[in-house]
Every structure is written in structure tokens, then in C-alpha cells.
Amino acid sequence: MSLKILNDSTLIAQGAEALDTTWDVDDTQPKPILLKYRFPKTYRHHSLNASITKQRIGTEARALVRCRKFGVKVPGVRMVDLENGLLGIEWIDGMSVRQILGGEDDVEIEDERVDHLGKFGISQDTLLSLIGTEIAKMHRADIIHGDLTTSNMMLRTRSPSSTSSSQPSSSAELLLIDFGLSSASSMPEDKAVDLYVLERAFSSTHPDSEPLFAQVLDAYGKETGAKWPAIEKRLDEVRMRGRKRSMVG
Amino acid sequence: MYSYAIPHLDATIHIALYENVSNSEELLKRIIAASTLEGDEGDIERATLNYAFVDPTLVTSLTQLQTAVYHALLSSSQSNLRTKTVHSEIIYILNPTNNITEALRRFGVSKSTRSLILIRVNERPPHPSIEELETAMNDLVNGEPVELDRLSAVTDWAAVRKVYKLNGDVVLAGVKGDEEKRIVNELVISTVATKSVAA
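Protein chains in written order, with the UniProt record's numbering: chain A, 1 to 249; chain B, 1 to 199.
Any given hint might turn out to be false.
[Stated by the list, open to error] Computed cross-link-like contacts, EDC-like style, restricted to lysine to aspartate or glutamate with a CA-CA straight-line distance of at most 16 Å:
(1) Lys-165/B / Glu-180/B
(2) Lys-29/B / Glu-45/B
(3) Lys-69/A / Glu-186/B
(4) Lys-41/A / Glu-83/A
(5) Lys-176/B / Asp-156/B
(6) Lys-69/A / Glu-179/B
(7) Lys-195/B / Glu-83/A
(8) Lys-233/A / Asp-218/A
(9) Lys-227/A / Glu-189/A
(10) Lys-181/B / Asp-169/B
(11) Lys-227/A / Asp-190/A
(12) Lys-31/A / Glu-186/B
(13) Lys-4/A / Asp-81/A
(14) Lys-4/A / Asp-20/A
(15) Lys-244/A / Asp-147/A
(16) Lys-162/B / Glu-102/B
(17) Lys-195/B / Asp-81/A
(18) Lys-69/A / Asp-169/B
(19) Lys-233/A / Glu-189/A
(20) Lys-69/A / Asp-142/A
(21) Lys-111/B / Glu-25/B
(22) Lys-4/A / Asp-10/B
(23) Lys-54/A / Glu-83/A
(24) Lys-69/A / Glu-180/B
[Claimed, not checked] Covered by chain B, per the in silico footprint, the following chain A stretches (three or more residues, Cβ under 8 Å):
(25) 5-12
(26) 56-67
(27) 71-85
No wet-lab data here; the hints were simulated from the structure.
Quick caveat: nothing in here was measured; it's all calculated off a predicted structure.
Backbone N, C-alpha and C define an ideal beta-carbon position, used for all residues, glycine too.
The whole structure should be built from the sequences, with the hints applied where relevant.
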């Protein structure tokens, strides 16, 4: 790896767009930060690559800050290095919802799944309603995630210090992560597509997903309030036609 | 004093906090005069005052300072400084707007400063020893060196909310006490970190 900072960090995941590492900010701090490195794409012209990388990091960082301001639970931003294509975010010590619910391909037996939820001290119903509520809060901030999947949601044990009054009943909190494909929009259409993408993700990774997703939508609707009927109507239309809008006419 | 290193940038950083400072007006005059002093005398004075002088009133945590230091170092290593030195860059990055004068007025030393943070960033070897720096800092500041855990005690939280424009933020509605400080600190760190891409 060409970047010196990456030599001091530990690789944890690699995708097509970026790789994730952890880096110790300084020896005295207990928690590392997560580095998301958008490595140069050799199939693109280097100047185009540079401008795309800068733009995407900027979008992701701004979306995270905006979410924070609106009370959506997301990791905090720690570092933005546009020249090198690096985004540093707060390390979340938790587990992805996909792991907790158990994806279809994951070799796990029923008993172990129950264990995951037990560790966090919440029921599956609570988890599903946390998901719906958090997405609703994000949409209220007019942020469209763009890639809602159960892998992009993390559950962590609520720290004893943060006893906010919003959800006193839950011992765990749900965070939305990976805003790399996010955008800003207030239109019911875009919010409905966001929900539709998650619905598809649920049905492709989790068996018998229909009642699960219905619970998510239920919580989403409650949190959204007066704007929910318009989005619900849109979601039905999106289900009929798919994610892409028809360009006919 | 708090010292740490950032190995991949070859840098060492030292941060000290003073309370009951009695010579801030004199320091301010010296800093301003040093910028235009010519000859060897000027070089020596600038070397003596080679720190970022930060008023801790608007500082919420060590992490906020470290975030600003890291981004100042990055800008410097990428020849991208918006101000003249890595130390003034720290003050520029702490301020949420792009106005350098405003940044210095809000986050720099003023006549009435009673508590003061000194930050020394060494961008390349040789790195001075902690003892040397401590002596030099103590000679400069008439005040009482204290541990950095005192930082949040001298913070003016209402002023922080105003300067970082957090008063309209939904997440802070109706939140009080330690929870408010925790959320404000987190928003401040994220704001400092995203300075280069702020809308």
C-alpha cells in the first residue's frame, strides 16, 4: 500500500470502492478510528478519479454531520483527507444487523441467532422498530441513504453515560453506517425508493422477511407521522415498477 | 503537558494548559510584533513564540484539539496551508468559518485571556525534549501549568454552541447537563474534522 498511514493500520474489510482499516490515533487513546480508503481506480483517468473521490468523500462526510445534527445515530467524523482519499470515522464497537438476524448464506443455527440479540438485551421486535425509527429520523433530515441494507446498520450496547430520554426502554442503540451513496432529497419518491431498496435487501438475505419488514415500516410510519401516507403510497408504486423510474413519455 | 507522535507524518505534538495567566496582553503584543520583526532578532523571537496560542474557552475536549492539529499537519504536508504556519492553521481549522481574522479573534489569545493552551507541532526531526519545551513554555507564560483534564472545566458551553452554530440543532433540543456536553463535543469534533468539505 502506498499510503504511509495505512502501514500503521489494520485491514478489516475490502470492497470494490474502498477498503476499511483501523488506526490508533495515539497510543494513549483507548479507541482506534475507522479509516475508509477510496483507493485510486486505475480504470479511470487519474484527474477524473481525483475529482470523483473528493466529491464522494465530501458527500459522505457532510451527510454524517447533518445526520448527527438531526439526532440520527451515525458514527462521528474524525478525519477528512481529500488528497489521499481517506475518511476517518468513529469506531463503532458493535455488530451488524445482518450478523444479528442471520443472513441466509451464513452458516449459523437458530440458537446462536437468539444469542446475539440476548447479548444486547433486546428482542427482535425492538430491533426491527429501532431500524424503522432511525431511518425515519434520517429521512426527516432529508437524507437519502442510497444503500440501505442490514449490513449497513450496526447495533451496539448503549453506554451508561448516554441516557437520553428518546428511547429509555432499550439497552442497545442502532446506528446507520456507510453514507457513500447518500444524497439529499425531500421527495417522497426518493424516500420510498430508499425503503424499497431495504425491502429487497431483507428479502434476499433473510428468510421469511415479509413480517420482519412490515414491523420496520410500522415503526417508520409512526416516527414519520403526517408525511407517512404520501411515502407509503409511493412505496406501493415503486414496488410495482421497481427502483428505476420509467423514462417512457 | 501532553505529548504524542504521529509516526507517518514524522511529527511530534505537545499540548500544555495554563490557568491564572497574567501576561496574555504582553504575549499578544509580542506575537503581533514578532510577525514583522526583521533580521536575526525577528527569527529568534519567532522561534521563541513558535506555538499555537489557543484560548480554551471554545475548546470542548482534547480530541477536538488533536483533530485540528492532525488536519493542520495534513495541510502542511500537502503544501495546502491556508495560513502562514502550521500553528496558525490549527486556529483557522478550529473555527467553523473561513475567515482567518475571525478565527484568531475567537480562538487565539486575547488581552483578557486567563486560561491558555500552548500547542507545539514539530513537523520534522530533531524533536526537542519534553523537558526543554516545558522550561521554554514556563518562561513564556506567567501562569500555572495544569493537567489537560481541566479543559472541560474552563469551557464556555453556551459560547461553543453559538460559535459552532448548534443552537438550532434538533439533537440538542431539551438536552441538559453532561448529556448536552457529550453531544456538543461530538458535533464540534465532527465539524472540525469536516472543515475542508464544509458546505
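Results of checking the hints against the structure:
no.: 1; hint: Lys-165/B / Glu-180/B; result: 15 Å, holds
no.: 2; hint: Lys-29/B / Glu-45/B; result: 12 Å, holds
no.: 3; hint: Lys-69/A / Glu-186/B; result: 10 Å, holds
no.: 4; hint: Lys-41/A / Glu-83/A; result: 14 Å, holds
no.: 5; hint: Lys-176/B / Asp-156/B; result: 14 Å, holds
no.: 6; hint: Lys-69/A / Glu-179/B; result: 14 Å, holds
no.: 7; hint: Lys-195/B / Glu-83/A; result: 14 Å, holds
no.: 8; hint: Lys-233/A / Asp-218/A; result: 14 Å, holds
no.: 9; hint: Lys-227/A / Glu-189/A; result: 12 Å, holds
no.: 10; hint: Lys-181/B / Asp-169/B; result: 14 Å, holds
no.: 11; hint: Lys-227/A / Asp-190/A; result: 13 Å, holds
no.: 12; hint: Lys-31/A / Glu-186/B; result: 15 Å, holds
no.: 13; hint: Lys-4/A / Asp-81/A; result: 13 Å, holds
no.: 14; hint: Lys-4/A / Asp-20/A; result: 15 Å, holds
no.: 15; hint: Lys-244/A / Asp-147/A; result: 14 Å, holds
no.: 16; hint: Lys-162/B / Glu-102/B; result: 14 Å, holds
no.: 17; hint: Lys-195/B / Asp-81/A; result: 11 Å, holds
no.: 18; hint: Lys-69/A / Asp-169/B; result: 5 Å, holds
no.: 19; hint: Lys-233/A / Glu-189/A; result: 9 Å, holds
no.: 20; hint: Lys-69/A / Asp-142/A; result: 12 Å, holds
no.: 21; hint: Lys-111/B / Glu-25/B; result: 4 Å, holds
no.: 22; hint: Lys-4/A / Asp-10/B; result: 11 Å, holds
no.: 23; hint: Lys-54/A / Glu-83/A; result: 8 Å, holds
no.: 24; hint: Lys-69/A / Glu-180/B; result: 13 Å, holds
no.: 25; hint: 5-12; result: holds (count 3)
no.: 26; hint: 56-67; result: holds (count 6)
no.: 27; hint: 71-85; result: holds (count 9)
Violated hints are absent here; each numbered hint is respected by the structure.
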